[in-house]
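Participant: For the record, the sequence lines run as chains A and B. As numbered in our numbering, the first sequence has no gaps in its residue numbers, which increase by one up to the final residue, 322. As numbered in our numbering, the second sequence has no gaps in its residue numbers, which increase by one up to the final residue, 224.
Check the hints yourself; a few may be wrong.
Distance condition first, Cα-Cα at most 25 Å in a straight line; then the derived SDA-like pairs of lysine to any residue [as the list claims (entries may be wrong)]:
#, chain 1, residue 1, chain 2, residue 2
1, A, K266, A, L313
2, A, K300, A, P126
3, B, K90, A, Y165
4, B, K152, A, Q163
5, A, K288, B, K90
6, A, K118, A, Q310
7, B, K211, A, Y211
8, B, K152, A, P126
Cβ-to-Cβ under 7 Å is the rule here; a few derived chain A residues that face chain B [unchecked claim]:
#, residue
9, Y165
10, Y169
11, Q170
12, E171
13, Q181
14, Q210
Don't read these hints as lab results, they were simulated from the structure. Glycine is no exception: its CB is placed at the ideal position from the N, C-alpha and C atoms.
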Amino acid sequence: MARRYDSRTTIFSPEGRLYQVEYAMEAISHAGAALGVLSTEGIILAAEKKTLSKLLEPSISSEKMYMIDDHIGCAVAGITADANILINYARQSAQRYLYTYQEPIPVEYLVQQVCDLKQGYTQYGGLRPFGVSFLYAGWDEQYGYQLYQSDPSGNYGGWKASAIGQNHQSAQSILRSEWKAEFKVYDALKLAIKVMSKTMDSTTLNAEKLDISLLTRDAKSGRVAFVEVNAKLLADAFKEVQDALEQEKEKENK
Amino acid sequence: FVRQQYSFTRKKSNHKQTMSDNLIGIVGQDYVILAADSAQARSIVLMKEDEDKIKVIDDHKAMAMSGPSGDRENFGEFIEKNIVLYELRQGGSLSTKAAAYYTRGELATALRSSPYQVNILFGGFDQHGPSLYFIDYLAAIQKLPFGCQGYAGYFLLSVLDRHYKENMTLEEGLQVLQICIDQLKTRFVLNTKDWVIKIITKDGIRLHQGSNSNE
């Protein structure tokens, strides 16, 4: 069947497909979910923390959220080890640009650099593709707030809201129907929590299972930062979303 | 990026700078004026009097360069093509600062292997307005309101200190430039009667005076 054309990444199947790339995407669809929501004042990235065990030592670094440069952060879905390589590359790329041009790298340009690397692994070398999808959140002077998604094929797109990883199709459809252009950060945060709670495995959702970060620019100082969402804000948003969801349930039951 | 490498080294004596190319740059309210004398000389012979030493890089950036014409033209084109390549790839325009720092970086990289003997006044207009960068052949860079390269500096920096004001109109800026050019005619022993003058504004770059072979 398709088996003959599986093993080499560097060849097409008779139907014109790259099976290794598709299999990589399949691997990602089993990984912890992540989503991003653009708003007028910042970008929310939310991710499901899959590896939860009492024995796990709480570490400073996250397996889902990474800062690439001051003005760009990203969420990861897929094989963490693969992601580390690409994150390292992205960070170097950003610093190289800063060194040459004395200015922060434009967000889309950084995305292109990573995607060009990913594409290389689908065309030559005989190595398997990276089993990672990214959601990049960044701000630059030219285009303001931007959200990009990239996949193992090396394709990327700009999005207003997007989801990757487990259940990303259902997450995406909820985002499509509920995202609004007038959203401020808090609205984006509530939408992110709502979508996560609807598409995640567990019946009960709490803040421990989620990793939520915000990419935003302080209007006064002009500084851009990628930070974990303030705990109080998160708790408030959580409560509002849970209340709203309960109300919905009651309406349905009636 | 494209980067060429020399496989032979130049004579040590080439470190001695020729300073006879004169460049002047002035930043005003909403423009940058770049002026370069158009004499091309070898020793005592004036080979050409209408040489355009101001390389136009894109719609809103140009650099006036001084030094031996081989290095000047080679480096100028190298920078221009790489900046255009970047802008095609990126889909947007480089800011003046980024382009100037990129240029300086290339000079710095080449400095300890096969240096370019080029001094530059890099002018541009972007979303932050007009700006001018002084870059010398040792890859020092400085953002300035006005600047000179070559012997001109010895005469004109004090003149510009005296006459330059912030936010001058184009008319005022051109008057100040004329004072500078006249001063060189009066006091500088070498002939600098012909100049190429280009003006960079938000509407682009136009030739104000002189011949133009460097579009």
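Participant: Of the hints given before, which are not true for this structure?
Facilitator: 5, 8, 9, 13
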